[in-house]
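Quick mapping for you: the protein sequence lines, in order, are chains A and F. Sequence positions in the first sequence follow the working numbering and run 1 to 114. Sequence positions in the second sequence follow the working numbering and run 1001 to 1116.
These are computed hints drawn from the structure, not numbers from a lab. Every value quoted in this text rests on a predicted model; they were computed, and no experiment measured them. Even for Gly, the Cβ is constructed at its ideal location relative to N, Cα and C. Careful, some of the hints might be misleading.
Partial chain A-side listing against chain F, Cβ under 7 Å, derived [said to hold, decoys possible]:
#1 Phe51
#2 Asn94
#3 Gly96
#4 Arg99
#5 Arg100
#6 Gly105
#7 Gly107
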Amino acid sequence: AQSVSQHNHHVILSEAASLELGCNYSYGGTVNLFWYVQYPGQHLQLLLKYFSGDPLVKGIKGFEAEFIKSKFSFNLRKPSVQWSDTAEYFCAVNAGGGRRALTFGSGTRLQVQP
Amino acid sequence: GAGVSQTPSNKVTEKGKYVELRCDPISGHTALYWYRQSLGQGPEFLIYFQGTGAADDSGLPNDRFFAVRPEGSVSTLKIQRTERGDSAVYLCASSLGSFAGQETQYFGPGTRLLVL
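Turn these sequences into a full structure, and let the hints steer you where they fit.
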């Protein structure tokens, strides 16, 4: 069964610091990759996704992620975080091949201090 | 409304009771998903519907869990003989249904179930 690992459980940054959140998955076939975000009191919403093409994907609010197939990784980055980026971030993988289920990591709680 | 809605938002029940959780997907979305999120964990897939049929129920933990979507819109997740370990947030999501695993799944606010 596939699994998704998010190495950082809780990250605290100051505003304007750069962010990188790790995500690794264990699945050898074609995958579709997602980052979701949950702001305090809100629903899970999509930040960005990758399924083919340029491995550097840009999403909303200045976030980007890079798919590195050889490392089974899909790390999320933002050059300069804002207080409003305080949220929980989830990496998710879909195994492709017609399957629809997403396998999520355990999440990273990001706290940005003003 | 424009988004996925779920009712109730909170449900407290006693061990052994039966509960039903409802999901109303985004209008026009043919795919509907149920996930369960335990404290400190990411969402865990339970079941996926394409139209009225359960296309993938591989995530249902046991036969106490059952879900229906009789008219291809609203779905109900049913849990029989609830156990304390069933306490979690139950999330529903929907998507267009046309692009398989590449599709964005739009999540609802969840139902927080507490089994005493």
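Restraint: glycine 105/A near chain F, CB-CB cut 7 Å. Satisfied or not? 5 Å, holds
Under 7 Å is the threshold here; is the Cβ of arginine 99/A close enough to any Cβ of chain F for the hint to stand? 6 Å, holds
Take the shortest C-beta to C-beta distance between arginine 100/A and chain F; is it under 7 Å? Holds. Min distance 5 Å.
Go through the hint on phenylalanine 51/A and say holds or violated, using the shortest Cβ distance to chain F against 7 Å. Result: holds, 4 Å to nearest chain F Cβ.
Holds or violated: the hint that glycine 107/A contacts chain F, with Cβ atoms closer than 7 Å. 5 Å, holds
Closer than 7 Å between Cβ atoms is the bar; does glycine 96/A clear it against chain F? Give me holds or violated. 5 Å, holds
Checking hints one by one. Is asparagine 94/A an interface residue toward chain F, by the C-beta closer than 7 Å rule? 4 Å, holds
Against the hints set out earlier in the document, no violation occurs for any number.
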